[in-house]
Amino acid sequence: MKQPIGTPAGVLWTPEQPIISVVDVRKSFGAFEVLKGVSLDVKKGEAICIIGPSGSGKSTLIRCINALVEIDSGSILVENQEVNDERLDKLKLRRKVGMVFQQYNLFPHKTALQNVMMAPINVLKQDKKEVEERARKLLAKVRLTGKENNYPGELSGGQQQRVAIARSLAMRPDIMLFDEVTAALDPETVKEVLVTIRELAEEGMTCLLVTHEMKFARDVADHIYFTDKGVIVEHAPPAEFFENAKDERTKTFLGQIL
Amino acid sequence: MSDAMLDREHPAHRPFAVLLPPRERRPLELPRLNTRHVVFFVAVALVVAGSAVAQAPDAPPAAATEALIAAPATPLSVIIKWAPFLLKGFIFNIVISIAAMALGTFFGVLLGLGQISLKGWIRKSSWFVTQFFRNAPWLVLLFFAMFMIPFQFTVFGVTIPLPDWFKAIIGFALPVMANVSELLRGAIRSLPSGQWDAAESLAFPRGKTIRQIILPQCVKRMLPPWMNLYSLITMATVLASIVGVGEMLTLTAQVHAAEGGRAELFAPLYGFAGLCFFAYCWPISKLTQRLERRYNVKT
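If you're matching them up, the sequences are chains A and B in order. Everything in the first sequence is counted per this note's numbering, starting at 32 for the first residue and increasing by one. Everything in the second sequence is counted per this note's numbering, starting at 14 for the first residue and increasing by one.
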């Protein structure tokens with residue numbers, strides 16, 4: 032018997048509790064331990080940035096939250112639903128957690144509009160007319176009016192990434208995960224994507240971002256986590272993090288990147 | 014009037030042509046027959062006819078047929094006389110090839126999906142079936158189908174006969190199935206894993222991911238090698254003559270016998286059969302090349 036998300040063992044999630052609670056998560060790929068006991072909490076409406084050197088397990092960590100990657104041990108609660116549970120209804124979890132990827136991953140055989148409409152119609156079985164209306168509004172929101180009928184191959188990287196954001200939002204998720212979404216973009220298109228994410232965060236969407244954009248993290252994040260070699264080295268609000276980093280590794284990293 | 018005046022493409026007519034972007038060729042048109050092709054066909058025909066003359070014995074054989082006693086028919090008149098009959102046989106080849114391709118593709122897709130199943134036993138058995146039929150000679154598979162399938166079967170008192178051509182279709186569908194299965198597996202593996210990630214993160218169940226996101230993208234990748242396979246199967250359908258199906262090669266042999274088995278008719282008759290296959294398969298192969306270039310997919 033699968034438990035519906037939000038009502039595990041009779042414990043209802045309330046907005047005062049963390050919407051995501053990660054406790055001592057470990058994950059290995061073969062002999063290589065990517066996550067060595069990671070813990071973090073995200074409150075509803077917060078924007079959290081995870082930064083750190085390549086290969087420090089940032090992407091793996093957020094891919095664990097929507098169960099794209101199964102963890103070896105520890106606990107991840109999303110709205111009080113345990114993700115590390117073989118009885119987990121993954122599809123139900125993923126309806127609540129949207130995700131945007133570094134490589135956009137749009138469906139190349141569908142137009143921008145179809146990309147946005149596909150999941151609500153086919154997965155959520157929502158009414159086609161209503162979904163189309165919402166999809167057009169979402170594309171307008173990410174400033175892509177007029178590009179509805181273009182195929183991904185006809186759009187720039189920044190435009191594709193904004194379609195991907197709209198596609199995720201069309202599922203009306205409670206949480207959005209962003210996995211280095213600007214890393215594959217040209218410098219001049221990075222901004223248009225960051226503006227979109229910033230608006231989302233300001234509207235109160237719970238956002239968890241893996242990013243290398245320090246300025247963006249500083250401006251938008253409510254809290255910053257710094258990871259290195261599979262552990263969270265330190266975490267703090269952005270002002271404190273960038274001004275008074277305590278750990279040597281953080282200082283070295285910031286010294287290299289700023 | 015000089016050639017340059019007639020030729021609109023000549024630089025004299027487009028003095029600034031170097032400044033224009035190179036004109037793109039229309040990407041998908043069927044190969045057009047031009048003078049070069051006609052010359053080529055005529056040359057082939059001449060070689061065929063010439064070899065017929067060369068093979069002709071100086072004197073007619075002693076056991077002469079009626080036709081020979083009157084006035085020996087020229088190879089060309091024999092072909093013209095029998096062409097409708099032979100072409101009917103050729104249509105049969107095409108029907109067998111299309112039916113085998115349809116049947117083989119249907120089961121090949123199922124088998125290919127079996128190869129990426131999450132259930133280990135389905136994946137392993139699909140892999141084994143694919144490899145077995147892919148690495149067996151087509152003639153062996155044809156014999157296999159011919160002699161394993163009964164000539165008729167009875168369900169609820171109704172006897173359904175299974176003619177040889179039907180069994181031949183199954184015989185050819187077996188290697189098509191195995192090859193399509195492998196093509197599909199390759200196409201699926203060549204898709205970026207991000208497509209699966211994106212579909213999964215949008216809560217698509219696996220079946221829907223495959224049907225709505227993975228398979229439609231595989232069609233484009235599979236089309237050129239699939240057409241190649243079709244060409245090969247079409248040419249292989251003459252193997253059915255070995256097991257007695259009345260297709261073109263069988264009919265050609267019959268015509269040859271009916272014309273007295275004259276040696277000088279060998280080359281023209283079989284040359285005609287060869288030309289028919291060439292005329293059918295060559296445009297397919299040209300189209301395949303164009304698709305390959307267009308999709309930039311290596312086979």
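Just so you know, these hints were derived from the structure itself, not from any lab. Bear in mind the structure is a predicted one, so any value in this text is a computation, not a measurement. Watch out, some of these pointers could steer you wrong.
As the list claims (entries may be wrong) - Think about it this way: if two alpha-carbon atoms lie no more than 30 Å apart in a straight line, the pair counts; the simulated DSSO-like pairs of lysine-lysine are:
(1) B/233 x A/141
(2) A/156 x B/101
(3) B/132 x A/123
(4) B/233 x B/132
(5) B/132 x A/156
(6) A/75 x A/172
(7) B/132 x A/159
Unchecked claim - Take a look, some chain A residues computed to stay more than 12 Å from chain B by CB distance:
(8) 54
(9) 70
(10) 74
(11) 125
(12) 140
(13) 177
(14) 187
(15) 259
(16) 266
(17) 275
(18) 282
Stated by the list, open to error - One side of the interface only, derived from the structure: several residues of chain A facing chain B at Cβ under 7 Å:
(19) 153
(20) 157
(21) 159
(22) 270
(23) 273
Where is the CB? At the ideal position from N, CA and C, for every residue including glycine.
Results of checking the hints against the structure:
1. B/233 x A/141: Holds, at about 14 Å.
2. A/156 x B/101: Distance of about 52 Å is beyond 30 Å: violated.
3. B/132 x A/123: holds (23 Å)
4. B/233 x B/132: holds (27 Å)
5. B/132 x A/156: holds (28 Å)
6. A/75 x A/172: holds (22 Å)
7. B/132 x A/159: violated (34 Å)
8. 54: Non-interface label stands for residue 54 of chain A: nearest chain B Cβ at 23 Å, farther than 12 Å.
9. 70: Per Cβ check, residue 70 of chain A is outside 12 Å of chain B; nearest 23 Å; holds.
10. 74: holds (22 Å)
11. 125: Its Cβ does come within 12 Å of chain B, the nearest being 4 Å, so this is violated.
12. 140: violated (5 Å)
13. 177: holds (24 Å)
14. 187: holds (18 Å)
15. 259: holds (25 Å)
16. 266: holds (25 Å)
17. 275: Correct as stated: the minimum Cβ-Cβ distance to chain B is 36 Å, above 12 Å.
18. 282: holds (34 Å)
19. 153: holds (6 Å)
20. 157: At about 13 Å, which exceeds the 7 Å cut-off, the nearest Cβ of chain B leaves the hint on residue 157 of chain A violated.
21. 159: This interface hint is violated because 15 Å lies over the 7 Å limit.
22. 270: violated (32 Å)
23. 273: Given a least distance of 31 Å, the restraint on residue 273 of chain A is violated.
In this structure, the hints that do not hold are numbers 2, 7, 11, 12, 20, 21, 22 and 23, in rising order.
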